[in-house]
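Join the two chains, each given in its own frame, into one complex according to the hints.
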Amino acid sequence: MKAKLPTLCPSCESLLDVSQLSCGQCSTIVQGNYPLPVFLKLPPKEQEFILQFFLASGSLKEMAAQLGISYPTVRNQLDDMIQRIKDLNI
Amino acid sequence: MNKILNPIEYYNERALLKANLIIFVIGTGCAILLRGWFDHTFHLAFRTNVSPFSTLLENVFSILLIAGAFFATGKIINKKTRWIDSLNLAMYIRIPFYLMVLSNITGTFSSLMPAIEEDSRISVRLPTNKIDYVILIVFSLISLLAVILQFVIIYKGFKTLANAKKISDYLILAAFFIITMIISSIFFKYF
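Residue numbers (the working numbering), protein chains in the order written: chain A, 1254 to 1343; chain B, 2 to 192.
This is chain B alone, in the form it adopts within the complex (with noise of 0.2 Å):
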């Protein structure tokens, strides 16, 4: 399970980097089949029509983006952080995201996507029957466990890759994180 959860702590850093671009092409491609969107470095939505070109580019700069973040990070806390351990990270801790685009197999959340872009009015429909309920509940269950999931690979991996202990390496690390967002986010909106 440690080895799941830190592979940056066991595995070695050229056959780490093998592994996730494998996972990156098949998760680019599960993206790009069912719909997926990466808006911005922390986020997935879906969409009616997704460009294979736009969605490949936004996964990349989110990659890069977040890679910068832990390396400067690390730079600023150990001189000695390396980029491709960052790297390494910053691909890893795509898979949920990978794991989540699957809930769209069916083409459900990519559907209302366009009834909230062209209202602005968000309307909500609770669901009318106890399976919607059930489903609902562990879709959100779900969710809820990649968010944690990414959280413990991000906190168990950075402290290998820079050797951080304390809380306020991890403040500056969610400081960078926060510039990623708003870059990305300006980023994807102009191109």
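The shape of chain A in the complex, shown without the other chains (with noise of 0.2 Å):
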């Protein structure tokens, strides 16, 4: 089972930073306090969107008969998104 990365804090719902990247081949940890990229502060299926949005060429048409769904669901889903990334304020 892959494992989910969790973005929100489990006791106030926060968005959670960086603060611990570690090597897998060598063991090295690195610590700081770094803020988490606008793509992960999504949610998966968001993230997967955006993803085939991209191997698509931006191209919702394409988008929409990949998927098996029509071309205004899809824009609307892309507007939602972009709604919900400006209320992120980023």
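It should be emphasised that the hints constitute simulated quantities derived from the structure, not laboratory data. Check before you lean on any hint, since a few could be wrong.
To be verified - Derived list of chain B stretches under chain A, where covered just means 3 residues or more per stretch with a C-beta under 8 Å from a C-beta of chain A: (1) 56-63; (2) 81-88; (3) 157-171.
As the list claims (entries may be wrong) - With a Cα cut of at most 30 Å, we get these calculated BS3-like pairs of lysine-lysine: (4) Lys1298(A) x Lys131(B); (5) Lys190(B) x Lys1314(A); (6) Lys19(B) x Lys4(B); (7) Lys76(B) x Lys1314(A); (8) Lys19(B) x Lys1314(A); (9) Lys1257(A) x Lys19(B); (10) Lys160(B) x Lys1314(A); (11) Lys1294(A) x Lys81(B); (12) Lys81(B) x Lys1339(A); (13) Lys80(B) x Lys1339(A); (14) Lys1339(A) x Lys19(B); (15) Lys1298(A) x Lys190(B); (16) Lys1294(A) x Lys19(B); (17) Lys1298(A) x Lys80(B); (18) Lys1314(A) x Lys131(B); (19) Lys1255(A) x Lys80(B).
C-beta: ideal position from N, C-alpha, C; glycine also.
Shown next as structure tokens:
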């Protein structure tokens, strides 16, 4: 099972920051305080949508055909996602 | 079921337009044959004699007015609203009317019209036996179901085509619908 990256604090539900990174080869550990990239702040479903959008060269029509849904449905999903990213105050 | 109630969400616009055109031809044909009369955008009545051209014109005009209402409201709340989606939804929501046209297959409703038109007083004759009551109740329930079905299709379809979320979006749409009813009533009265 692929572990899911937690982005929200289980205690207060605030966005988590990155405080430790480690090398899988030599076990070197880097510590600090780094904010999560915008992409990782989104839910996995939306991350997948953005990836598909990128792979379809930004064509909503192509995406709609691939996903088996209509153009306005894909466009609405994209608009909602844009609004959500704007709401993250980036 | 979701695909039937909201085809705009799932189907490609061109495929849907082709299907809608076929439904339009069959539906209008049935309305002409069964003496249906669209006297404004959201109403179906029956006559003893209908002109095929006027029924066709009424249906086309109603569809264009409703599509215009969807498009104008959609543009107000979301600039990305497209005409083809508005037209598809306007054509699709006519299906309950086409189904209701079938209720005049025996000519019962169209035969009632001359009496109502000639006499300014409308006399109501209550059913005399149980079977008449059952028929009346079943027909009323089917009509109610058709209206509910039309509302659900409008609600879901408009939500998809304009990304409508707020109640105020639907209030604007309702206002446009009232305007289409007034325009169509005037148009059908004089033309």
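Status of each hint after checking the structure:
Under the rule that three or more residues need a Cβ within less than 8 Å of chain A, the assignment of the segment 56-63 of chain B is violated, with 0 such residues. Judged by the Cβ-Cβ criterion of 8 Å, the segment 81-88 of chain B is covered by chain A as claimed, because 3 of its residues qualify and three suffice. Note: the segment 157-171 of chain B has 3 residues with beta-carbon separation from chain A under 8 Å; the three-residue rule is met and the coverage holds. Only pairs whose Cα atoms come within 30 Å are accepted, and Lys1298(A) paired with Lys131(B) is rejected, the gap being roughly 57 Å.
Between Lys190(B) and Lys1314(A), the direct Cα distance comes to roughly 43 Å. Violation of the 30 Å bound is thereby established for this hinted pair. For the suggested pair Lys19(B) and Lys4(B), the alpha carbons sit about 16 Å apart, so the restraint of at most 30 Å is met. For a cut-off of 30 Å, the pair hint linking Lys76(B) to Lys1314(A) stands: about 20 Å separates their Cα positions. This hinted pair checks out: Lys19(B) and Lys1314(A) have alpha carbons roughly 18 Å apart, not beyond 30 Å.
Proposed proximity of Lys1257(A) and Lys19(B) is contradicted: the alpha carbons are some 44 Å apart, above 30 Å. Taking the CA atoms of Lys160(B) and Lys1314(A), the gap is about 19 Å. The hint holds against a cut of 30 Å. The hinted pair formed by Lys1294(A) and Lys81(B) meets the criterion: a straight-line CA distance of about 27 Å does not exceed 30 Å. Only pairs whose Cα atoms come within 30 Å are accepted, and Lys81(B) paired with Lys1339(A) is accepted, the gap being roughly 19 Å.
With a C-alpha separation of about 18 Å, the suggested pairing of Lys80(B) with Lys1339(A) holds against the 30 Å cut-off. Distance hint between Lys1339(A) and Lys19(B) is unfulfilled; the C-alpha atoms sit about 38 Å from each other, more than 30 Å. Between Lys1298(A) and Lys190(B) the CA atoms are separated by roughly 54 Å; this puts the pair beyond 30 Å, and the hint is violated. With a CA separation close to 42 Å, the supplied pair Lys1294(A) and Lys19(B) exceeds the 30 Å bound.
Proposed proximity of Lys1298(A) and Lys80(B) is supported: the alpha carbons are some 26 Å apart, at most 30 Å. A hinted pair counts as satisfied when its Cα atoms are at most 30 Å apart, and Lys1314(A) with Lys131(B) does not qualify at roughly 56 Å. Between Lys1255(A) and Lys80(B), the direct Cα distance comes to roughly 41 Å. Violation of the 30 Å bound is thereby established for this hinted pair.
Going down the numbered hints, you'll see the structure goes against 1, 4, 5, 9, 14, 15, 16, 18, 19, while the others check out.
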